[in-house]
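Student: Listed below are the residues making up each chain.
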Amino acid sequence: MWIYEKKLEYPVKIKNPNPKMAKYIITQYGGPDGELAASLRYLSQRFSMVTPQARATLNDIGTEELAHLEIVGSMVRQLMDDVSIEEIKESDLGAYYADHDKAVYPISAAGNPFTAAYIQSKGDPVTDLYEDMAAEQKARSTYEWLINLADDPDVIEPLKFLRAREVVHFQRFGEALRIVQDKLAEKKFYVKKPE
Amino acid sequence: MDKNRQKLLKQLSALDFMAVDLNLYLDTHPYDRDALLRYNSIVMQANALRSYYERMYGPLYSFRSTSDYPWRWINNPWPWEYEFNFKLAGEE
Ligand SMILES: [Fe+2]
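Protein chains in written order, with the numbering used here: chain A, 2 to 196; chain B, 127 to 218.
Bear in mind the hints are in silico, worked out from the structure with no lab data behind them.
Don't be surprised by glycine CBs; every beta carbon is placed ideally from N, CA and C.
Wrong hints could be hidden among the right ones.
[To be verified] Simulated restraints, written as ranges between beta carbons of each label pair:
| id | chain 1 | residue 1 | chain 2 | residue 2 | range |
| --- | --- | --- | --- | --- | --- |
| 1 | B | Lys133 | A | Asp83 | 35 to 43 Å |
| 2 | A | Lys16 | B | Ser177 | 31 to 39 Å |
| 3 | B | Asp158 | A | Glu88 | 48 to 56 Å |
| 4 | A | Ala135 | B | Ser177 | 47 to 55 Å |
| 5 | B | Leu162 | A | Lys90 | 29 to 37 Å |
| 6 | B | Lys129 | A | Asp82 | 32 to 40 Å |
| 7 | B | Pro196 | A | Tyr131 | 48 to 56 Å |
| 8 | B | Lys129 | A | Gln138 | 47 to 55 Å |
| 9 | B | Gln171 | A | Ala165 | 37 to 45 Å |
| 10 | B | Trp204 | A | Glu88 | 22 to 30 Å |
| 11 | B | Trp199 | A | Glu88 | 39 to 47 Å |
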């Protein structure tokens, strides 16, 4: 089960609202390489992992991604705080406002609603861990493009934190993959019975 | 008063972050005794600080923390709000 802790993993304290930036950053909430996709991917894949290390890694990174989802949602919310209708019309946020007001909804920067088609859960731990490593790299790149789009340190700092976590997660998934491959090699253990 | 809460929260967040990071490291290095000792020590420090924070400012955990009367869990601010968080940006 999960226990909610009433604090963020990393603080979000954005003084100056910026609806344009909200529209970009929301892609890490509900977009293809976002935190919702990440948590759902790892928390689903963990059921078919084969070593204790890989199970724990998927479980615990999947959990941390939920904390990142909360950080990104907090950023989006604060970036839209106290923004006037005029500012919304001037920024790209008008279409979003028409559907969601200033609520936080899982959607990509291009406006596509979240879909489970962003993730896989394949039953083969090697396949899944390769996907996970790629996913971490894609998330890292996205945070870099978001940092390029931002000029406010209140926005850049949490983005840098999130980017750094993707690098660590990539490293841990790489280690889990090596452990899984060693185990499969040594035990002559097949995930799927060969015909 | 809020300054003090934010200072405590900052210390607690730093300890908890080290615990999260070491937890992931230990998942793939379960025999690293030094990392494990460090992890245990950080978790104990964080637990002590967390108890103190909760006595002063109310529950941090859903259904794991006790509360004074009336039920303090619902108190503002919530973590996603500007007022809740401490400032890190621009600091080195
Ligand atoms: Fe990640």
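Student: Now, for every hint given, state plainly whether the structure supports it.
Tutor: Okay, the hints, checked on the actual structure:
no. : hint                               : verdict
1   : B/Lys133 with A/Asp83: 35 to 43 Å  : violated (27 Å)
2   : A/Lys16 with B/Ser177: 31 to 39 Å  : holds (32 Å)
3   : B/Asp158 with A/Glu88: 48 to 56 Å  : holds (51 Å)
4   : A/Ala135 with B/Ser177: 47 to 55 Å : violated (42 Å)
5   : B/Leu162 with A/Lys90: 29 to 37 Å  : violated (56 Å)
6   : B/Lys129 with A/Asp82: 32 to 40 Å  : violated (22 Å)
7   : B/Pro196 with A/Tyr131: 48 to 56 Å : holds (52 Å)
8   : B/Lys129 with A/Gln138: 47 to 55 Å : violated (40 Å)
9   : B/Gln171 with A/Ala165: 37 to 45 Å : violated (23 Å)
10  : B/Trp204 with A/Glu88: 22 to 30 Å  : holds (25 Å)
11  : B/Trp199 with A/Glu88: 39 to 47 Å  : violated (35 Å)
Of the numbered hints given earlier, the model fails hints 1, 4, 5, 6, 8, 9 and 11; all others are met.
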